[in-house]
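Chains as they are written, first to last, in my numbering: chain A, 28 to 298; chain B, 28 to 298.
Be aware that one or more of the hints could be misleading.
The list treats identical chains as one, so a pair stands whether inside a single copy or across any two.
No farther apart than 30 Å at their CA atoms in a straight line, the calculated lysine-lysine pairs in the BS3-like style are these [to be verified]:
(1) LYS148 to LYS124
(2) LYS148 to LYS46
(3) LYS148 to LYS120
(4) LYS106 to LYS58
(5) LYS62 to LYS120
(6) LYS124 to LYS54
(7) LYS120 to LYS54
No lab work stands behind these hints: they were computed from the structure.
Keep in mind it's a predicted model, so treat the numbers as computed, not measured.
Each chain is listed here by its residues.
Number of protein chains: 2
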Amino acid sequence: MSAGANRRQVTGFSNPTVKFIRSLREKKHRKREGKFLAEGLRLLTDARECGHVPEILVMAEGRDPHPLVDALVDAVDAKGGEIIETSGDILAKITGKDNPQAVAGVFAEFDTSLESLDRSKARIWLVAQALRDPGNLGTMLRTGDAVGAGGLILLDDCADPFSVEAVRASMGAVFTQRVVQARWEEFVPWLREGEGQLVAASLREAVPYRGAPYAAPCFVMVGNESQGLPEAYETECDLRVTMPMRGRADSLNAAVAAAVLAYEVLDSLEG
Amino acid sequence: MSAGANRRQVTGFSNPTVKFIRSLREKKHRKREGKFLAEGLRLLTDARECGHVPEILVMAEGRDPHPLVDALVDAVDAKGGEIIETSGDILAKITGKDNPQAVAGVFAEFDTSLESLDRSKARIWLVAQALRDPGNLGTMLRTGDAVGAGGLILLDDCADPFSVEAVRASMGAVFTQRVVQARWEEFVPWLREGEGQLVAASLREAVPYRGAPYAAPCFVMVGNESQGLPEAYETECDLRVTMPMRGRADSLNAAVAAAVLAYEVLDSLEG
């Protein structure tokens, strides 16, 4: 591990930096500070390889050496960030895990404005309305990465994409996918200003999802976990598709529906 | 609401029945008792409609009348089960939710033995190895219901399918899908005794998942959330398929991978 200028050891639970980092587990503190917390060497390495270096890196003092940790430390040093070495107990309080090999990083939240989104950057975009479960949200980011989507547009009141749970479920995709937060009333005019096909899984006047006429840029939309999409949102869609439901249930988990549909769109656009 | 013989009011947190029901939130108590807890009117109605009636039904005293609650009460009465009316506070302790309209039911756990599984009952079966997340497990049950699978075979040390979280994520599919628990060493001989194609998503000598030669009964297998499948398990597969990964990640969420693959198998077998 190289010796950096901005390294310090922190030993007390009441240390302001420790309290600050722990506070980022709560949404109100994340919003106030504009920062979020990501945990785990793999996640932080993914972030680094995508050009996202934490402003603060936290690890246990006397941690086992690891080339990926060295690379992180070097990257933080190079950007003038801060490196905190602390006790295993304090690290466990920050990460919520009793793992002395854990690392955690504090990042600045990204711009999530619709205006900054360039739809020409990708052929598929995922859209979620009132998605409440941070695990589903993170899973959609991960799926978006897999299908080569450009990002995830969160409509209305969704879970926080910068929560620890969403970041973890994204498996690093929060650093590769664009994340946008917008109201439906903003989204529709923006969508209609340019090219874009809005597609949703629906039971209303829908065609089979296999072989439907998808067109890029294709915006694949799913609704709230228990309510689904409001009728007006489905009506606005350019294409409503239906997936086979062979059992008792009439719907899939939201992240699953998005994935099955997105893979079909991917095949259609590439095929 | 009809007047049943086995109805009683319970007012104390220390009441043995209340303590018993609450204890079912923990796995060790579920295993010892062979019972599990399901919550919510929709879930309990799904269960009833599939012929599963709770041994104990719990609801708040003075609850708003509802025809589906009446139907549940009648079904429990008819089977000689017990109906507990209690305070909103105690109900909240049992369900973990502050909802006075909540209902909860205690069910006997189902037979999860491999021997009792009849593979000819369905053309698709889902298989998960060392799946740790109860939400993923429940989501796989829900997906299984949707694709007309017969059930979910849980290999090695998986999350408990009868946990409150898994039951909830299944959206009732725990009552429609067979659930089996087995070791890999038991599963393979059982599988090879009869017809059955074992398929997994893999990076090893795999063919594209679209248009692969799926055959019924098709056993669609996914591995542990962080480790994936052990190499020996993949080697045993009759078919290894690969899904496009257009981004940085090399894998999907386990429940998502199972769903994308299962929908492809469904299309292939029906097409």
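Against the structure, the hints:
When the C-alpha separation of LYS148 and LYS124 is checked against a cutoff of 30 Å, the pair qualifies neither within a copy, at 37 Å, nor between copies, at 43 Å. For a Cα distance limit of 30 Å, the shortest separation of LYS148 from LYS46 qualifies neither inside one copy, at 39 Å, nor across copies, at 57 Å. In this assembly of identical chains, the alpha carbons of LYS148 and LYS120 never lie at most 30 Å apart, being 40 Å within a copy and 50 Å across copies at closest. With identical chains, the CA atoms of LYS106 and LYS58 are at most 30 Å apart within one copy only, with a shortest distance of 23 Å there and 53 Å across copies.
Taking the shortest alpha-carbon separations for LYS62 and LYS120, only the intra-copy value of 18 Å comes in at or below 30 Å, while the best inter-copy value is 35 Å. For a Cα distance limit of 30 Å, the shortest separation of LYS124 from LYS54 qualifies both inside one copy, at 19 Å, and across copies, at 21 Å. In this assembly of identical chains, the alpha carbons of LYS120 and LYS54 lie at most 30 Å apart whether taken from the same copy (17 Å) or from different copies (26 Å).
Going down the numbered hints, you'll see the structure goes against 1, 2 and 3, while the others check out.
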